[in-house]
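Q: Spelled out from the first residue to the last, the chains are:
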Amino acid sequence: MDAVDETVVPKILAPIKAYTGAVRVVDAGADEIYCGVRTPGLEDFELYRGASTEIPTYDEFHKVTEYAHSHGVEVLVTINQPFILDSMEKTMVKHIRECVEAGVDSFIIGDLGMLQLVKEVTEDVGLCASTYLSATNREAARFLERAGFSRVVLERQVPLEQIAEIARDVDVEVEAFVHGSGCSNINVNCYFYHYKFPAMDQAYLGVDGIKFPCSLPYEVYDGEDEGVYLGTYPILDAYTFCSLCKLPALIQSGVYGLKIEGRGINEEYQASTTRLYREALDLLRQDDEEGFQRMLETIKESFVPLPQTLPMNNLQELCCEQGRCYYAPKFHAPYKEKLAWQAWTKLQCKLLVVQP
Amino acid sequence: MKYTVHAETLTALREALASGCTGVRFGPEFCEWKIPSQEHLRQAYEEAKDAGKDFTYVLPILSNPGIEKMVEQLGFLGKLGGVEVVVGDLGALNLLRGQEGVKPRLGRPRVYIPARSPWSQITRMPDPGFFTRRRVEKLFYQTSLNYVRSLEYFKSLGVMGADVDWIPKCFPSYKKIIRSGLKLAVHSHAIPVAVTMRCHMARFLGEEEPALCSKPCLTKAFMIKQKELEKTFTLHGNVVFRLVESSQRETKQLTRMGVDEVVIPMGPVSNLFTRNDLDEAVATLSGGV
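One line per chain: the protein sequences are A and B, in this order.
Residue numbers 0 to 355, in numbering that gives the first Met the number 0, belong to the letters of the first sequence in order.
Residue numbers 0 to 288, in numbering that gives the first Met the number 0, belong to the letters of the second sequence in order.
These aren't lab readings, by the way, just hints derived from the structure by calculation.
Every clue listed holds true.
So the derived list for chain A, only partly shown, Cβ under 10 Å to chain B, looks like this:
hint: 1; residue: Leu-41
hint: 2; residue: Ser-86
hint: 3; residue: Asp-221
hint: 4; residue: Gly-226
hint: 5; residue: Tyr-334
As a list, the in silico DSS-like pairs of lysine-lysine whose alpha-carbon atoms are at most 27 Å apart:
hint: 6; chain 1: A; residue 1: Lys-89; chain 2: B; residue 2: Lys-175
hint: 7; chain 1: B; residue 1: Lys-174; chain 2: A; residue 2: Lys-89
hint: 8; chain 1: B; residue 1: Lys-68; chain 2: B; residue 2: Lys-214
hint: 9; chain 1: A; residue 1: Lys-89; chain 2: B; residue 2: Lys-137
hint: 10; chain 1: B; residue 1: Lys-224; chain 2: A; residue 2: Lys-195
hint: 11; chain 1: B; residue 1: Lys-230; chain 2: A; residue 2: Lys-195
Note that this is a predicted model, so its numbers are computed, not measured.
Heads up, the beta-carbon is just placed ideally off N, CA and C, and yes, glycines get one too.
Hey, can you work out the whole structure from these sequences and the hints?
A: Given below as structure tokens:
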């Protein structure tokens with residue numbers, strides 16, 4: 000393995016939803032952190048993510064930026080809505096100003112109108128294009144660069160070799176997702192909002208792993224109502240994703256940042272995932288291939304829920320054995336299988352540790 | 000108001016041209032593996048011109064290889080002059096920038112409409128209360144083009160129109176877009192609920208490689224049912240649709256609002272395959288007017 004140039008080791012972006020989480024991910028080795036901040040007046044309008052995934056107040060957000068900055072860590076705020084309306088403008092202007100006052104370093108923006116507004120309200124922040132803008136090719140990244148963004152988060156479905164091409168062909172910083180719950184569909188072109196309601200809870204019974212509408216079983220019929228019943232499958236299956244094995248290739252791709260998903264998940268997950276990727280990146284930075292491979296094996300094969308394997312709940316069963324590595328080709332990946340009783344027991348053990 | 004038929008293949012296009020529609024759209028709206036060859040594009044354009052119908056080229060969300068393919072095609076379209084191109088992707092819009100011979104319009108993947116969601120819930124709140132629900136509903140039935148800065152920005156890039164869905168509760172918000180000067184096209188029959196670059200249908204049918212896909216979606220769609228949610232969708236290639244009924248009263252409403260175009264999709268989702276099917280569909284929508 001080639002030695003990794005210090006200057007090209009990607010940054011780790013860790014998710015948080017509270018000050019306590021920020022302290023933990025910074026201590027775990029995050030280079031940057033990202034979060035939502037609750038927007039007064041828009042708390043009820045929740046499409047993809049709920050208010051519970053956001054830092055509840057500007058005061059708490061100020062504490063986050065103070066702590067992060069004192070450790071040399073930048074803070075990005077994601078503006079949660081995939082669009083803005085004339086009737087939302089005043090609220091958003093106030094929100095942007097409050098975040099700037101509290102010390103935000105960059106905004107993650109998912110709408111071009113919102114970009115114009117942020118540029119008008121403040122000049123002192125970085126501008127990062129969200130996956131809501133669906134950058135899936137180099138021209139889209141160039142478009143966003145010309146629009147004024149300094150960083151582009153690529154859509155989750157961009158394959159590894161194309162990430163490298165895009166990172167090579169554009170002048171903006173390029174960020175890629177590495178770990179989380181995955182998306183079956185293109186972010187902003189999916190309207191299966193993750194709402195919870197009684198019928199949805201009922202539908203999730205018996206579903207292993209991530210519980211999103213696309214991971215549910217569907218009866219499949221060929222043709223219309225009278226068509227042939229082909230069986231019941233999780234045909235829109237979400238992919239649990241993990242990129243640990245692909246880290247060397249991701250480093251070679253030249254991406255600026257590796258983003259860990261999970262603003263809505265608990266702090267234990269946020270911190271331990273960050274630590275895991277930190278340790279892996281540090282091993283690769285030191286050119287310790289053997290250590291990196293040993294680490295992968297430990298994570299994949301440990302039955303006992305070691306603290307460092309917490310974020311990898313049933314990694315082996317849900318990802319490795321079923322060909323669900325994030326950056327592996329998925330065109331003909333098999334559908335998720337029900338967990339065997341051993342795996343189920345292991346998962347319960349881990350959950351007990353994560354949520355005592 | 001124009002009635003335009005959207006066809007993905009030359010065979011389908013020829014049926015459309017033989018029907019009473021005003022214009023045709025050609026090209027895949029959602030799957031880049033169905034982008035026609037340069038030769039098919041040229042043929043489609045010439046046949047539409049010979050038939051005296053308006054011609055619009057449609058582009059999906061593109062990957063890097065898809066963008067490579069477009070460079071050549073957009074060059075060809077640019078030379079023709081005045082051809083409308085529906086872009087599903089900011090990358091394609093970037094390529095069109097400064098090409099005077101092409102008129103870009105935003106495709107459905109580039110217009111965000113929360114009400115495409117299949118859930119009747121419009122908030123995560125379990126019990127939002129009457130007034131909160133009303134307030135949230137007002138936001139829910141608007142689009143990403145209901146913001147003046149977004150509109151002006153796209154117009155500054157030469158965008159002259161946009162595509163939206165047949166969602167009657169959104170019609171008032173469409174009216175505002177039309178007033179701003181953008182030409183609006185409303186799609187009948189099906190609303191895209193989810194789009195992926197990993198094809199759900201190809202995976203189910205065991206297609207080996209996207210580039211070698213036999214394109215079963217040209218003739219086939221699956222109906223998928225979620226029992227507990229009591230929801231039925233149409234899975235067509237890499238898109239999950241929910242079907243929508245249209246009424247003549249709504250068509251009249253769209254005409255009064257100044258909608259430029261109603262787009263009727265051909266293929267297994269709408270079950271419209273022949274010129275007769277299309278003529279019937281236009282007659283049903285327009286009430287024979």
